[in-house]
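For what it's worth, our numbering labels the leading residue of the sequence shown as 1, then goes sequentially.
These are computed hints drawn from the structure, not numbers from a lab. There could be a bad hint or two in this list.
To be verified - Taking CB as the label site, the calculated pair distances span: (1) Glu125 with Glu41: 26 to 32 Å; (2) Phe59 with Glu146: 23 to 29 Å; (3) Asp161 with Thr129: 19 to 25 Å; (4) Asn52 with Leu173: 19 to 25 Å; (5) Ile11 with Arg160: 18 to 24 Å; (6) Ile11 with Gly114: 22 to 28 Å; (7) Tyr31 with Gly145: 25 to 31 Å; (8) Thr5 with Gln150: 44 to 50 Å; (9) Glu53 with Tyr31: 34 to 40 Å.
As the list claims (entries may be wrong) - Taking lysine to aspartate or glutamate pairs in the DMTMM-like style, the calculated list, with each CA pair at most 25 Å apart, reads: (10) Lys68 with Glu117; (11) Lys135 with Asp64; (12) Lys135 with Glu154; (13) Lys135 with Glu85; (14) Lys135 with Glu117; (15) Lys62 with Glu41; (16) Lys68 with Glu85; (17) Lys62 with Glu82; (18) Lys62 with Glu85; (19) Lys68 with Glu125; (20) Lys68 with Asp161; (21) Lys135 with Glu96; (22) Lys68 with Glu41; (23) Lys68 with Asp86; (24) Lys62 with Asp86; (25) Lys62 with Glu172; (26) Lys68 with Glu154; (27) Lys68 with Asp55; (28) Lys135 with Asp161; (29) Lys135 with Asp10; (30) Lys68 with Glu172; (31) Lys62 with Asp74; (32) Lys135 with Asp121; (33) Lys135 with Glu82; (34) Lys68 with Asp121; (35) Lys68 with Glu82; (36) Lys62 with Glu96; (37) Lys135 with Glu125; (38) Lys68 with Asp171; (39) Lys68 with Glu26; (40) Lys68 with Glu53.
The C-beta atom is built at its ideal place from N, Cα and C for all residues, glycine as well.
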Amino acid sequence: MIDTTLPLTDIHRHLDGNIRPQTILELGRQYNISLPAQSLETLIPHVQVIANEPDLVSFLTKLDWGVKVLASLDACRRVAFENIEDAARHGLHYVELRFSPGYMAMAHQLPVAGVVEAVIDGVREGCRTFGVQAKLIGIMSRTFGEAACQQELEAFLAHRDQITALDLAGDELGFPGSLFLSHFTARVMRAGILPSMQAKLPGRKASGRRFVNWVRSVLDMA
1 MIDTTLPLTD
11 IHRHLDGNIR
21 PQTILELGRQ
31 YNISLPAQSL
41 ETLIPHVQVI
51 ANEPDLVSFL
61 TKLDWGVKVL
71 ASLDACRRVA
81 FENIEDAARH
91 GLHYVELRFS
101 PGYMAMAHQL
111 PVAGVVEAVI
121 DGVREGCRTF
131 GVQAKLIGIM
141 SRTFGEAACQ
151 QELEAFLAHR
161 DQITALDLAG
171 DELGFPGSLF
181 LSHFTARVMR
191 AGILPSMQAK
201 LPGRKASGRR
211 FVNWVRSVLD
221 MA
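Take the sequences, apply the hints, and build the full model.
Written out as structure tokens, the structure is:
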């Protein structure tokens, strides 16, 4: 029996993958960005997963449309605020939002540190407005390479009081964790930011303070 009086939590919620289709449409129009459809109804299949996708790339392509309309820091702030509003609408009391500022900044060459600050501002305002508790987890997107991850790391460390954990996400086979050992140094630990593991692929040993997602776990019949 489910106790409906217990507070609801979501500890794996991607801020940059949780952008409203209506917001994508509005920001696309505001910044004159070409979208694959011009009405909400026809846009949704392009930006939301509404059926099984054939592969991970097809799945991630849908997320790309959300960040393509982030043409300003105000847009980043808006989607952060709306993430908290949506969490409140879903009845959540506590959420952990993870985001990659490099991914959010990429389409329009926004300053990565500015994106982190905008997300913090939007989440803070959303929490005040809707009464939701939230923590932020910073994603370093390994797919963009070591230098890009270092840039994301520096932005997170500049706001260490607002970043709860670090996440190394992306293409593990093409960019193995051994390339990023220097990103998890004593300096990071002293900042009080703990490592979090985003994904584990078959055949690899895993270590981390928290395991948040297991890829292809359906293959493990145990």
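Now for the hints, and whether the structure bears them out:
1. In this structure the supplied range 26 to 32 Å holds for Glu125 paired with Glu41, their Cβ-Cβ distance being about 30 Å.
2. Between Phe59 and Glu146 the beta carbons are some 25 Å apart, a value that agrees with the proposed interval 23 to 29 Å.
3. For Asp161 paired with Thr129, a C-beta distance near 21 Å keeps the hint of 19 to 25 Å intact.
4. The hinted range of 19 to 25 Å is satisfied by Asn52 and Leu173, whose Cβ atoms lie roughly 22 Å apart.
5. Range check, Ile11 to Arg160: about 20 Å between beta-carbon atoms, so the 18 to 24 Å window is met.
6. At about 27 Å, the CB distance of Ile11 to Gly114 agrees with the hint of 22 to 28 Å.
7. About 27 Å separates the C-beta atoms of Tyr31 and Gly145, a value consistent with the hinted range of 25 to 31 Å.
8. Thr5 and Gln150 have their C-beta atoms about 45 Å apart, which keeps the hinted 44 to 50 Å range intact.
9. For Glu53 paired with Tyr31, a C-beta distance near 27 Å fails the hint of 34 to 40 Å.
10. Taken as a hint, the Lys68 and Glu117 pair is honoured in the structure, with Cα atoms around 19 Å apart against an allowance of 25 Å.
11. Simply put, Lys135 and Asp64 have alpha-carbon atoms about 24 Å apart, close enough for the 25 Å limit, and the pair holds.
12. The hinted pair formed by Lys135 and Glu154 meets the criterion: a straight-line CA distance of about 19 Å does not exceed 25 Å.
13. Between Lys135 and Glu85, the direct Cα distance comes to roughly 15 Å. Compliance with the 25 Å bound is thereby established for this hinted pair.
14. The hinted pair formed by Lys135 and Glu117 meets the criterion: a straight-line CA distance of about 14 Å does not exceed 25 Å.
15. Pair hint Lys62 plus Glu41 holds up; C-alpha atoms about 15 Å apart against a cutoff of 25 Å.
16. With a CA separation close to 22 Å, the supplied pair Lys68 and Glu85 stays within the 25 Å bound.
17. For the proposed pair Lys62 and Glu82, the alpha carbon gap of about 19 Å is at most 25 Å, so the pair holds.
18. For a cut-off of 25 Å, the pair hint linking Lys62 to Glu85 stands: about 22 Å separates their Cα positions.
19. Taking the CA atoms of Lys68 and Glu125, the gap is near 24 Å; set against the 25 Å cutoff, the hint holds.
20. A distance of roughly 29 Å separates the Cα atoms of Lys68 and Asp161; the hinted pair therefore is violated under the 25 Å criterion.
21. Simply put, Lys135 and Glu96 have alpha-carbon atoms about 5 Å apart, close enough for the 25 Å limit, and the pair holds.
22. Simply put, Lys68 and Glu41 have alpha-carbon atoms about 19 Å apart, close enough for the 25 Å limit, and the pair holds.
23. Of the pairs offered as hints, the one joining Lys68 and Asp86 holds, with about 21 Å between alpha carbons and a cut-off of 25 Å not exceeded.
24. A hinted pair counts as satisfied when its Cα atoms are at most 25 Å apart, and Lys62 with Asp86 qualifies at roughly 19 Å.
25. The suggested pairing of Lys62 with Glu172 holds, with an alpha-carbon distance near 20 Å, which does not exceed 25 Å.
26. Taking the CA atoms of Lys68 and Glu154, the gap is near 23 Å; set against the 25 Å cutoff, the hint holds.
27. Proposed proximity of Lys68 and Asp55 is supported: the alpha carbons are some 21 Å apart, at most 25 Å.
28. Of the supplied pair hints, the one linking Lys135 and Asp161 holds, its CA atoms being roughly 11 Å apart against a limit of 25 Å.
29. Annotation: proposed proximity of Lys135 to Asp10 holds, straight-line Cα distance about 11 Å (limit 25 Å).
30. Annotation: proposed proximity of Lys68 to Glu172 holds, straight-line Cα distance about 24 Å (limit 25 Å).
31. With a CA separation close to 22 Å, the supplied pair Lys62 and Asp74 stays within the 25 Å bound.
32. For a cut-off of 25 Å, the pair hint linking Lys135 to Asp121 stands: about 12 Å separates their Cα positions.
33. The suggested pairing of Lys135 with Glu82 holds, with an alpha-carbon distance near 15 Å, which does not exceed 25 Å.
34. A distance of roughly 21 Å separates the Cα atoms of Lys68 and Asp121; the hinted pair therefore holds under the 25 Å criterion.
35. For the given pair, Lys68 sits about 17 Å from Glu82 by alpha-carbon distance, which is consistent with the 25 Å threshold.
36. For the hint linking Lys62 to Glu96, the alpha-carbon distance of about 22 Å falls within 25 Å, and the restraint holds.
37. Between Lys135 and Glu125 the alpha-carbon distance is near 13 Å, which keeps this suggested pair within the 25 Å criterion.
38. For the given pair, Lys68 sits about 20 Å from Asp171 by alpha-carbon distance, which is consistent with the 25 Å threshold.
39. Among the hinted pairs, Lys68 with Glu26 is consistent with the structure: their alpha-carbon atoms are about 12 Å apart, no more than 25 Å.
40. As the CA atoms of Lys68 and Glu53 are separated by approximately 21 Å, the hinted pair is consistent with the 25 Å bound.
In this structure, the earlier hints numbered 9, 20 are contradicted, and the remaining ones agree with it.
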